[in-house]
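Undergrad: If you want the building blocks of each chain, they are given just below.
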Amino acid sequence: MTDWDTIVTEHAPAVWRTAYRLLSNEADASDCMQEAFVSAVGVARREAVQNWPALLKRLATTRALDRLRARMRESARRTAPVDMAALADGDCGPERRSERRELAGRVRQALSRLPRQQAEVFCLRFLSGMSYTEIADHLGLRANNVGVLLHRARSKLREMLAEAQERPG
Amino acid sequence: MGSEKKDKQGDIVDEAVRTLLEAPLPPGPSDEALARTLTAVRQADSMAARPTLMERIRSMNRWTKVGTAAAMIVAAAVCGFLLFSGGGGVAFADVKKRIQAAETFTCKVVTSAPELKQPMVFKAYFKEPGRLRAEATFGVISIADVQKGKVIMLNPKAKEATVINLADLPEIQQQQMGFLAELKELIEGKPQDLGEEKIDGAAARHYRIPPENQAAGVSVVDLWADVKTGDPIRVELEGRGHEYQITMTDFRLNPRLDDKLFSIEVPEGYSRINIGRPRWKDVLDGLRFMAVHNGSTFPESLAMNIELYKKLRGKVPKADLKEKWLMLGRMHLFIEAQVQAQQWSQWKYVGAGVKLGDRTRPVMHWLPKGAAKHKVLYGDLKRIEDMDASKLPGRATTKAAA
Chain D
1 MTDWDTIVTE
11 HAPAVWRTAY
21 RLLSNEADAS
31 DCMQEAFVSA
41 VGVARREAVQ
51 NWPALLKRLA
61 TTRALDRLRA
71 RMRESARRTA
81 PVDMAALADG
91 DCGPERRSER
101 RELAGRVRQA
111 LSRLPRQQAE
121 VFCLRFLSGM
131 SYTEIADHLG
141 LRANNVGVLL
151 HRARSKLREM
161 LAEAQERPG
Chain Z
1 MGSEKKDKQG
11 DIVDEAVRTL
21 LEAPLPPGPS
31 DEALARTLTA
41 VRQADSMAAR
51 PTLMERIRSM
61 NRWTKVGTAA
71 AMIVAAAVCG
81 FLLFSGGGGV
91 AFADVKKRIQ
101 AAETFTCKVV
111 TSAPELKQPM
121 VFKAYFKEPG
131 RLRAEATFGV
141 ISIADVQKGK
151 VIMLNPKAKE
161 ATVINLADLP
171 EIQQQQMGFL
181 AELKELIEGK
191 PQDLGEEKID
201 GAAARHYRIP
211 PENQAAGVSV
221 VDLWADVKTG
231 DPIRVELEGR
241 GHEYQITMTD
251 FRLNPRLDDK
261 LFSIEVPEGY
271 SRINIGRPRW
281 KDVLDGLRFM
291 AVHNGSTFPE
301 SLAMNIELYK
311 KLRGKVPKAD
321 LKEKWLMLGR
331 MHLFIEAQVQ
341 AQQWSQWKYV
351 GAGVKLGDRT
361 RPVMHWLPKG
371 AAKHKVLYGD
381 LKRIEDMDAS
391 KLPGRATTKA
401 AA
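Protein sequence lines, in the order shown, are assigned to chains D and Z.
Just so you know, we're using our numbering here: the first sequence kicks off at 1 and counts up by one.
Just so you know, we're using our numbering here: the second sequence kicks off at 1 and counts up by one.
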């Protein structure tokens with residue numbers, strides 16, 4: 001029998017932070033955290049969980065990316081896009097804070113446009129600090145595949161972060 | 001390990017990641033959020049009873065990931081090749097949104113539209129996470145894997161495999177992920193319970209999802225569910241303006257489906273065709289091509305159907321036909337992507353009868369996101385003007401050529 005109270009209490013802060021980094025919104029991060037733990041209930045029913053932190057980070061990352069995409073979709077409906085900026089960094093001057101804010105917003109938008117698996121692998125590696133082996137184990141991939149996905153994700157992100165789209169309007 | 005070292009080379013991606021990692025985090029989660037999560041987890045853990053139909057519809061989050069992404073791409077790539085006539089919406093995506101969650105299921109899908117001389121019939125298979133297979137009765141098999149970001153269309157007769165990378169369609173990909181938000185809007189509104197009926201020989205509960213809860217493109221959705229099991233028996237939906245109707249029957253929930261059914265690898269012996277990334281240039285080239293092969297006049301419709309293919313086969317050298325057909329596909333995908341991502345709204349093709357090169361007569365117009373005026377593309381395929389809605393050409397047709 002799984003001691004959910006202990007699992008939630010122990011791991012909630014890390015799960016919340018994982019979600020917040022992507023969403024930059026406390027309410028969304030809280031909802032995402034809840035969804036991640038509820039999903040974990042389903043996972044725990046099907047299999048024995050060996051590594052709770054890694055599982056929960058993965059579930060939180062997936063849910064956060066889904067919300068990010070939904071948010072981007074919503075912002076496409078509005079005339080004024082949703083402000084995706086990160087919080088100001090207190091150590092920077094106003095101009096630098098603005099640049100970092102803009103870059104944070106752009107990278108979130110770019111992540112929402114990556115193929116699912118690439119986005120997930122990228123976030124687990126660079127935002128959650130998981131190793132290739134951990135990522136491979138949790139996503140049912142080979143370590144080689146993880147490397148390929150990361151390479152593609154980085155290339156695509158680089159392109160998107162630098163690209164100016166050409167459209168007639 | 002060498003590849004792990006490469007990750008550390010500095011560039012804009014690294015800088016972007018640093019901004020996310022170094023941004024200050026507020027203290028969290030709140031006690032309230034933690035308490036809510038504990039409650040939800042305890043509830044999920046204790047839930048033993050089979051969910052009702054509406055509870056399963058509410059858990060349809062996963063199916064937006066399966067259906068909207070996969071189905072929209074399949075529809076745009078396959079159905080759209082034969083069905084798309086401009087701005088009519090996407091069949092499978094709308095259908096999929098309304099089928100309740102299951103790990104796998106299969107059903108029969110029948111699609112009717114004015115452009116079709118007879119309904120298109122598919123056998124559809126769905127499997128978590130994010131996989132769809134559609135076998136058309138005319139022989140083409142389409143497979144989509146959202147997680148892997150790819151769609152493949154197999155033509156067993158010609159031994160050809162056309163591959164679409166979802167990364168080449170960021171607008172569609174972004175759009176379909178956002179269907180989760182639209183679905184939440186849908187299920188927050190209450191479907192009408194129309195009571196018990198006999199349908200296809202079984203006692204069923206009839207639900208209707210009202211138009212105000214629909215995503216763009218769908219007018220009415222009717223769902224009949226078995227009163228005993230809650231399983232769907234029949235789903236019917238209509239596009240806005242009733243330009244298409246879809247009926248789904250023969251549902252099987254949670255059948256065993258081999259992963260091989262959803263393989264997006266090019267089968268042995270098949271030649272691979274990459275459709276490529278759709279661009280605005282494909283729209284202009286596609287329109288020009290259609291006009292050139294219609295007596296230098298833009299056709300009644302842009303629909304890519306069997307009749308068009310046969311006409312082109314008689315006029316275009318065989319060596320070029322495949323590439324031109326792909327170009328036309330990219331033309332449709334580009335327009336579809338703009339419409340589905342709501343970058344363009346009120347897109348209309350109005351070129352029927354316009355002479356190629358005529359810069360005084362429009363061939364298509366659309367309203368860009370956030371714009372007050374419509375953009376109008378003229379028959380010379382160069383002139384693009386802004387125009388008030390009140391002055392847009394009155395003649396607009398999306399009917400297929402006879």
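Read the hints as simulated data drawn from the structure, not as lab findings.
From the three backbone atoms N, C-alpha and C, an ideal C-beta is built for every residue, glycine too.
One thing to keep in mind: the hints can contain errors.
As the list claims (entries may be wrong) - Pair by pair, the computed Cβ-Cβ distance ranges are:
| id | chain 1 | residue 1 | chain 2 | residue 2 | range |
| --- | --- | --- | --- | --- | --- |
| 1 | D | Q50 | Z | E265 | 25 to 33 Å |
| 2 | Z | G269 | D | N145 | 21 to 29 Å |
| 3 | Z | E22 | D | T9 | 34 to 42 Å |
| 4 | D | V43 | Z | A372 | 45 to 53 Å |
| 5 | D | R142 | Z | Y309 | 40 to 48 Å |
| 6 | D | T9 | Z | P26 | 34 to 42 Å |
| 7 | D | E102 | Z | V110 | 45 to 53 Å |
| 8 | D | R142 | Z | A35 | 35 to 43 Å |
| 9 | Z | E128 | D | V148 | 21 to 29 Å |
What the hints assert, rightly or not - Non-contacting residues of chain D with respect to chain Z, defined by C-beta distances greater than 12 Å in every case (computed):
| id | residue |
| --- | --- |
| 10 | E47 |
| 11 | A48 |
| 12 | Q50 |
| 13 | P53 |
| 14 | A54 |
| 15 | Q117 |
| 16 | D137 |
Undergrad: None of the hints should be skipped; say for each whether it holds.
TA: Results of checking the hints against the structure:
For the hinted restraint 25 to 33 Å between D:Q50 and Z:E265, the CB-CB distance of approximately 31 Å keeps it satisfied. Between Z:G269 and D:N145 the beta carbon distance is about 25 Å. The supplied range of 21 to 29 Å therefore holds. For the pair Z:E22 and D:T9, the beta carbons lie near 27 Å from each other, so the given range of 34 to 42 Å is not met. Range check, D:V43 to Z:A372: Cβ separation about 50 Å, and the 45 to 53 Å hint holds.
Distance hint check: the CB atoms of D:R142 and Z:Y309 are about 41 Å apart, consistent with the given range 40 to 48 Å. The given range of 34 to 42 Å is broken by D:T9 and Z:P26, whose C-beta atoms sit roughly 19 Å from each other. Between D:E102 and Z:V110 the Cβ separation comes to about 49 Å, which falls inside the hinted range of 45 to 53 Å. Distance hint check for D:R142 and Z:A35: the Cβ-Cβ separation is about 41 Å, which falls inside the suggested range of 35 to 43 Å.
A C-beta distance of roughly 23 Å is found between Z:E128 and D:V148, which places it inside the suggested range of 21 to 29 Å. In this structure D:E47 is separated from chain Z by more than 12 Å, as the shortest Cβ-Cβ distance comes to about 14 Å. Every beta carbon of chain Z lies more than 12 Å from that of D:A48, the smallest distance being close to 16 Å; the non-interface claim holds. At roughly 19 Å from the closest C-beta of chain Z, the C-beta of D:Q50 stays outside 12 Å, upholding its exclusion from the interface.
Under the 12 Å C-beta cut-off, the non-interface status given to D:P53 relative to chain Z holds; the minimum distance is some 16 Å. Non-interface status of D:A54 relative to chain Z is upheld: no Cβ of that chain comes within 12 Å, the nearest being about 17 Å off. In this structure D:Q117 is not separated from chain Z by more than 12 Å, as the shortest Cβ-Cβ distance comes to only about 5 Å. Separation of D:D137 from chain Z is adequate, the least Cβ-Cβ distance of about 16 Å exceeding the 12 Å criterion.
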